[in-house]
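Number of protein chains: 6
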Amino acid sequence: MYRHVKNLQFESKPQKPDAVLAMKMQELVAGQFGEMTVMMQYLFQGWNCRIPGKYKDMILDIGTEEIGHVEMLSTMIARLLEGAPNETTEKAAAANPVLGAVLGGMNPQHAIVSGGGALPFNSQGVPWNTGYIVASGNLLTDFRSNVHAEAQSRLQTSRIYNMTDDPGVRDMLKFNLARDTFHQQQWLLGIEQLQEDGLADLIEDSNFENEDKIQDHTYWVFDETSAGPEGRWARGMTLVDEQEILVQNPPVPSEDTALLPPPDPKLYATYD
Amino acid sequence: MYRHVKNLQFESKPQKPDAVLAMKMQELVAGQFGEMTVMMQYLFQGWNCRIPGKYKDMILDIGTEEIGHVEMLSTMIARLLEGAPNETTEKAAAANPVLGAVLGGMNPQHAIVSGGGALPFNSQGVPWNTGYIVASGNLLTDFRSNVHAEAQSRLQTSRIYNMTDDPGVRDMLKFNLARDTFHQQQWLLGIEQLQEDGLADLIEDSNFENEDKIQDHTYWVFDETSAGPEGRWARGMTLVDEQEILVQNPPVPSEDTALLPPPDPKLYATYD
Amino acid sequence: MYRHVKNLQFESKPQKPDAVLAMKMQELVAGQFGEMTVMMQYLFQGWNCRIPGKYKDMILDIGTEEIGHVEMLSTMIARLLEGAPNETTEKAAAANPVLGAVLGGMNPQHAIVSGGGALPFNSQGVPWNTGYIVASGNLLTDFRSNVHAEAQSRLQTSRIYNMTDDPGVRDMLKFNLARDTFHQQQWLLGIEQLQEDGLADLIEDSNFENEDKIQDHTYWVFDETSAGPEGRWARGMTLVDEQEILVQNPPVPSEDTALLPPPDPKLYATYD
Amino acid sequence: MYRHVKNLQFESKPQKPDAVLAMKMQELVAGQFGEMTVMMQYLFQGWNCRIPGKYKDMILDIGTEEIGHVEMLSTMIARLLEGAPNETTEKAAAANPVLGAVLGGMNPQHAIVSGGGALPFNSQGVPWNTGYIVASGNLLTDFRSNVHAEAQSRLQTSRIYNMTDDPGVRDMLKFNLARDTFHQQQWLLGIEQLQEDGLADLIEDSNFENEDKIQDHTYWVFDETSAGPEGRWARGMTLVDEQEILVQNPPVPSEDTALLPPPDPKLYATYD
Amino acid sequence: MYRHVKNLQFESKPQKPDAVLAMKMQELVAGQFGEMTVMMQYLFQGWNCRIPGKYKDMILDIGTEEIGHVEMLSTMIARLLEGAPNETTEKAAAANPVLGAVLGGMNPQHAIVSGGGALPFNSQGVPWNTGYIVASGNLLTDFRSNVHAEAQSRLQTSRIYNMTDDPGVRDMLKFNLARDTFHQQQWLLGIEQLQEDGLADLIEDSNFENEDKIQDHTYWVFDETSAGPEGRWARGMTLVDEQEILVQNPPVPSEDTALLPPPDPKLYATYD
Amino acid sequence: MYRHVKNLQFESKPQKPDAVLAMKMQELVAGQFGEMTVMMQYLFQGWNCRIPGKYKDMILDIGTEEIGHVEMLSTMIARLLEGAPNETTEKAAAANPVLGAVLGGMNPQHAIVSGGGALPFNSQGVPWNTGYIVASGNLLTDFRSNVHAEAQSRLQTSRIYNMTDDPGVRDMLKFNLARDTFHQQQWLLGIEQLQEDGLADLIEDSNFENEDKIQDHTYWVFDETSAGPEGRWARGMTLVDEQEILVQNPPVPSEDTALLPPPDPKLYATYD
Ligand SMILES: [Ca+2]
Ligand SMILES: [Ca+2]
Ligand SMILES: [Ca+2]
Ligand SMILES: [Ca+2]
Ligand SMILES: [Ca+2]
Ligand SMILES: [Ca+2]
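Protein chains in written order, with the working numbering: chain Y, 1 to 272; chain F, 1 to 272; chain X, 1 to 272; chain H, 1 to 272; chain Z, 1 to 272; chain D, 1 to 272.
Since the hints were derived computationally from the structure, they do not count as laboratory data.
Quantities reported herein were computed from a predicted structural model and do not represent experimental measurements.
Be aware that a few hints might be false.
One copy or any two copies: either way a pair holds, since identical chains are not told apart in the list.
[Said to hold, decoys possible] Derived BS3-like pairs (lysine-lysine); straight-line CA-CA distance at most 25 Å: (1) K91 to K6; (2) K174 to K6; (3) K266 to K6; (4) K91 to K213; (5) K13 to K174; (6) K16 to K174; (7) K213 to K266; (8) K91 to K13.
Please take these sequences and the hints and turn them into a complete structure.
This is how it looks when you write it as structure tokens:
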């Protein structure tokens with residue numbers, strides 16, 4: 001069960017409105033790596049977690065924090081939209097080229113659909129969907145997903161930071177950058193803890209006994225001039241199972257030329 | 001530019017058809033973590049890569065391998081669908097309960113839409129979409145995404161392995177498990193290489209100088225009975241920047257109670 | 001079966017073209033609450049309606065009217081796009097800042113995809129989909145959905161009305177505002193009629209005998225400082241079943257702490 | 001900001017697992033009218049609400065409650081999936097026709113993707129998306145949306161109630177039915193309160209002065225044999241503005257035959 | 001403007017209900033090539049058509065017919081769902097294996113969501129969306145799209161015809177097969193008419209003067225063992241512009257090795 | 001299996017960057033008819049093709065070429081984005097109206113999400129999805145789809161050609177126009193070849209013996225003033241089966257008035 005506290009985790013007060021920035025910040029609310037993604041990903045991971053105690057609680061601690069991040073960013077967007085221009089474009093642009101650029105760049109759904117509030121869509125108006133998230137029941141695998149989500153989210157936050165010089169917006173983004181820095185590490189430390197607790201290896205390796213014992217340490221080259229084999233990934237030992245990495249160059253396929261059997265005539269697939 | 005070789009990277013020959021398994025294997029072709037995902041993710045990352053040489057080439061080597069994985073799995077599905085029943089369900093089920101279960105479990109689009117071939121949809125018929133993939137231009141961040149995709153993909157492959165005892169299918173899945181084992185490490189080794197080459201740190205930390213210097217090492221607790229603080233993520237030093245992790249319990253929000261300014265009257269948002 | 005009449009239900013003639021307004025009006029054609037939504041929602045409700053006579057016929061009368069509304073708005077958009085600029089942006093903007101703003105604000109798909117015609121997408125280019133509509137077979141429930149759709153649609157129309165001063169566009173929007181005013185009431189009157197005919201109560205209450213008899217008149221408070229209990233929704237009698245509304249503050253959860261049983265080992269979910 | 005309490009708002013303990021029912025209950029988690037829909041709809045409405053006090057707080061009280069409903073239903077699904085069969089379909093069905101039916105009816109993603117936990121998808125595997133929700137800034141309009149969502153949600157809950165006789169599941173659904181009964185009324189009472197406070201009329205009527213004053217009380221007939229005019233919606237006075245409802249039969253369109261001007265030649269639209 | 005006639009274009013009466021067939025027939029209503037696709041595609045093409053007279057009218061004649069096809073198929077589905085089982089699966093399957101297979105194969109949304117009516121989703125529950133349709137303003141191009149849609153639609157209808165022996169369903173499908181046969185030819189004859197009227201060539205060739213005059217008649221081979229060059233497409237004359245088709249084997253790429261310039265540092269793309 | 005060659009099939013070098021054009025060119029990469037569509041459509045058709053030899057090889061030759069087209073266009077977009085402005089909009093626009101227009105028109109995801117590279121989305125930011133493609137197993141039907149895709153793709157390319165005067169971009173587009181000219185014919189020649197080889201007729205006509213023998217040559221008129229019957233599609237002989245085309249005017253529907261049987265009471269559909 002959840003409870004609400006009116007105060008935001010961090011202040012969301014821009015120095016002045018900026019409708020174009022509001023459009024860009026939608027990416028941080030409801031983009032592929034927006035706060036809605038980490039919020040819903042962690043909540044489902046926490047609810048589905050079958051191991052009681054510190055893991056389940058930690059996942060839900062962060063998931064609960066992320067609800068507040070969506071709230072914080074949505075509040076910022078509503079404030080950035082204060083007094084956004086809704087005038088006839090051409091007339092406005094003739095009178096004021098700066099305003100023309102703003103009108104060209106802002107998202108009209110901020111007026112038409114949400115009436116000056118945040119939208120649950122990304123910066124291009126694409127609805128957020130749960131195809132972005134994952135909760136597999138396997139903590140190592142999901143913590144890898146969480147590291148990636150925080151890294152992508154932090155990168156986007158960092159890029160948007162450079163697109164504004166509003167001190168109020170920047171203060172909030174500094175907070176967000178820091179949380180993403182910490183959360184990346186939190187999930188990496190979670191992986192260390194899983195290993196320490198004997199619950200996982202460095203990589204996902206279920207059914208390990210059944211995997212092909214050559215192909216799990218072979219780098220295949222698919223471009224005659226590839227410099228790929230020069231990297232660490234093609235030289236030295238594997239990280240798990242301590243094998244010398246092999247290089248397959250050129251690629252040697254199987255005998256199977258992918259021919260298919262004749263089709264069921266009732267399906268009218270073409271056949272001779 | 002790309003070239004095609006008729007032979008598959010590995011054999012895709014089931015011992016006998018199995019329409020219900022074909023339905024499940026669609027998840028590995030075109031699910032959130034199916035081969036289409038890694039194929040398109042690595043191709044876009046490779047094409048967008050601005051650093052010439054071993055990185056760009058390695059990304060495209062694997063991306064090119066993945067095209068062949070979609071081909072391999074699609075071939076398997078077409079073969080598993082050979083002779084799949086297309087009869088009237090009720091009559092068939094009355095005569096043969098086993099057939100009834102198969103008819104209940106198979107995906108009718110395998111007959112109606114693809115005429116006995118693989119579909120570009122997941123096991124529930126949901127179309128694959130590029131909201132699943134990312135190519136950010138930042139290699140550390142993208143390699144984190146790649147580790148996660150390979151881990152989730154391997155886990156799903158491993159689960160499906162347990163759902164069949166067809167030796168032909170299992171042979172192919174052994175190959176896939178091994179490639180996912182290797183590819184997880186390839187991206188982890190890629191991260192090591194980026195660090196060795198001075199191109200990245202362990203985590204995404206662009207604009208590092210601007211982030212909040214307390215919040216980047218503080219664990220917030222949002223549940224009074226949380227065991228979250230017992231984990232490594234809340235004790236000891238951070239992985240980067242060597243700070244002692246702090247615990248914020250209970251959470252202390254800002255002064256900002258998220259009140260919004262009066263709306264533009266022309267938007268008809270409710271206000272007193 | 002349907003028939004077509006060439007004449008529009010109302011005139012769709014703008015005084016002059018305006019490509020930026022055309023982009024905004026896509027929201028009224030194919031947005032979440034555009035004419036396509038009410039058209040397809042009412043048609044499916046009418047086709048699925050199992051009660052013959054005035055209800056089925058009324059639903060299909062309005063559904064049929066709405067096909068004509070999509071036609072009317074699409075015609076308007078095609079006319080607004082007449083002579084829309086397709087030039088090189090930078091050069092045009094240098095010569096004419098007004099044109100620059102228009103070029104920045106118009107939707108390039110109006111040129112590239114539809115060749116100057118209406119698109120079946122919203123103002124941000126998102127395809128319309130049937131996830132927006134509902135036809136449940138239960139008329140009370142569906143009429144509640146129809147009231148909501150007409151209300152949201154009217155609000156968006158009203159906002160766009162303020163974004164243009166073209167008298168031709170405004171004339172058509174006046175017609176649309178009026179139809180949405182009437183249609184909101186039509187569905188509210190439909191609910192009155194259902195009650196009068198003994199076919200429904202004020203709210204959806206199927207399986208009423210099985211619902212929890214405390215929780216159907218209790219307001220739960222989830223924020224310590226909530227002013228929520230001051231409203232009519234937390235004081236006085238319920239609208240159905242005449243009960244004094246109770247306030248649960250603070251919230252008292254169940255004993256169930258949501259712990260899950262150990263997982264099936266073949267699924268590789270993490271467990272100790 | 002949000003806080004978490006481990007205890008569920010209501011118990012989620014089925015008497016025994018039932019994987020087919022788990023599949024159906026996904027509709028209540030992440031269908032068009034699942035708990036995710038009301039949760040995200042109310043949270044965005046609350047965050048965007050510009051009027052402080054009882055309205056904003058009430059919306060967020062319910063929104064916060066709904067987070068807990070997603071949690072409660074997800075927990076139920078994870079428990080229903082305990083020990084779900086993951087065997088080879090054909091062999092299992094031959095041995096046990098009952099199991100065959102279960103295998104045919106369960107969702108394989110519950111094994112392959114979530115490893116025995118709830119999915120953020122509906123009963124057919126379709127991802128939840130924010131195209132289902134709305135937060136317009138206008139409370140009357142949004143409360144209409146909320147009544148509709150609760151009504152549809154309750155109807156689906158009621159139908160699923162009839163599909164199981166598990167007492168544990170039924171107890172939880174009784175709680176849910178009751179909350180949907182109360183919440184429907186809460187939003188209807190919210191509309192009464194808005195009217196009492198002078199903040200809205202019975203229907204959305206912004207820009208009222210500009211709407212066509214005939215078309216706002218005219219029923220159009222589009223089927224020669226329509227019984228539509230027999231209903232209350234076509235007879236008597238309108239609910240607002242007290243006008244006698246008119247009937248337009250047959251429909252009389254405008255003079256505008258929807259012809260379009262010649263196209264820009266650079267767009268290669270067909271023209272004579 | 002549109003009008004409705006109660007009578008269906010053709011009878012939609014199954015001899016007896018069949019919930020599994022109802023699920024399959026959803027593909028014909030709202031699949032990628034269902035009746036909704038041709039309906040909305042032709043309506044938008046007709047509304048956007050800028051050439052008055054026989055073309056615009058013909059497109060709208062067929063578009064209007066297709067609205068009636070969605071109605072006809074939706075009616076059939078509602079009738080096939082009469083008395084569909086909604087019981088507890090396991091118990092039902094134990095008592096009756098035939099029923100078990102039906103329960104396994106039917107779509108639960110037919111009960112939960114639509115209450116026994118047609119859904120606006122395909123056979124796998126995926127919502128229909130306007131990404132399936134096109135109206136480009138160019139009639140030759142769009143008629144090519146229409147031929148393709150009718151061909152795919154007819155093929156799916158023909159496959160489903162073989163999945164039932166209900167004489168009522170088969171009668172309706174015979175009608176549909178015939179309409180798809182005629183409509184395929186209608187669009188092919190439309191292309192003949194466009195050529196006869198001097199409005200188009202056999203293929204889309206706008207901006208013809210600017211295209212590369214070698215690459216428009218060269219077949220490229222990308223597989224060393226390709227038998228592709230044996231076909232008519234690689235030998236003889238082109239259909240337009242009368243050129244001898246050339247074969248490029250092996251493929252000879254350009255000098256451009258796709259290297260990209262250094263990135264903007266503010267985007268934190270990886271670079272040396 | 002696939003292999004990669006670093007050199008592009010054709011040069012992708014713009015004379016100078018142009019972020020607004022980059023946004024538009026996304027339509028050619030990942031729009032409904034972008035290169036991703038033909039790439040994935042042909043690859044799935046080739047992999048699913050059950051007839052060995054020239055057909056399967058030809059389909060895969062073109063499919064493989066199209067992978068290279070996505071690469072070529074993505075490279076172009078990355079180059080067009082070089083040095084794209086990421087500044088604060090308002091300040092920049094005040095200083096430079098031309099820049100203001102560019103800022104208003106460019107896609108912010110090119111900075112925020114891809115860091116200056118191509119996105120797998122269309123010109124409006126909508127993710128590409130496999131609902132755009134088809135592989136039915138029936139070659140005649142699929143070749144019809146392929147003709148249509150190449151025609152739409154060529155039309156869009158031709159329109160964008162007119163939107164730039166950059167000689168480098170135009171050179172690449174000349175190549176693309178030519179390939180689309182050739183590929184349209186390739187699929188038309190494929191249809192000729194299928195007919196010559198006795199594998200298909202001019203149109204999809206499976207189950208031909210079962211179709212209604214009047215409705216396969218009858219044009220129905222649904223608008224009293226329709227000029228539709230004047231066209232070739234309503235006069236003369238059909239293209240297959242040599243029948244004189246009939247005209248049905250006015251439309252005569254069946255006796256079936258679409259009434260539905262009473263509903264299952266457990267579904268709470270409304271009934272008297
Ligand atoms: Ca966050
Ligand atoms: Ca792979
Ligand atoms: Ca309307
Ligand atoms: Ca609820
Ligand atoms: Ca049709
Ligand atoms: Ca191409």
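- Task: At 25 Å max between alpha carbons, let me know whether K213 reaches K266 within a copy, between copies, both or neither.
- Result: between (43 Å within a copy, 21 Å between copies)
- Task: Evaluate K174 and K6 at a C-alpha cut-off of 25 Å and name the case that applies: within, between, both or neither.
- Result: The answer is within: 22 Å in one copy meets 25 Å, while 31 Å across copies does not.
- Can you tell me if K16 and K174 fall within 25 Å by alpha carbon in one copy, between copies, both or neither? within (18 Å within a copy, 35 Å between copies)
- Between the shortest in-copy and the shortest cross-copy C-alpha distance, which are at most 25 Å for K91 and K6: within, between, both, or neither? neither (42 Å within a copy, 35 Å between copies)
- Message: As a check of your reading, is K91 near K13 (CA-CA no more than 25 Å) within one copy, between copies, both or neither?
- Response: between (31 Å within a copy, 20 Å between copies)
- K266 and K6: within-copy, between-copy, both or neither at 25 Å Cα: Result: close neither inside a copy nor across copies, 64 Å intra and 28 Å inter.
- Message: Regarding K13 and K174, is the shortest C-alpha distance of 25 Å or less found within a copy, between copies, in both, or in neither?
- Response: Close inside one copy (13 Å), not across copies (38 Å); limit 25 Å.
- Same-copy or cross-copy closeness of K91 to K213 [CA-CA at most 25 Å]: For K91 and K213, the Cα distance exceeds 25 Å both inside one copy (70 Å) and across copies (30 Å).
When each numbered hint is compared with the structure, violations occur for hints 1, 3, 4.
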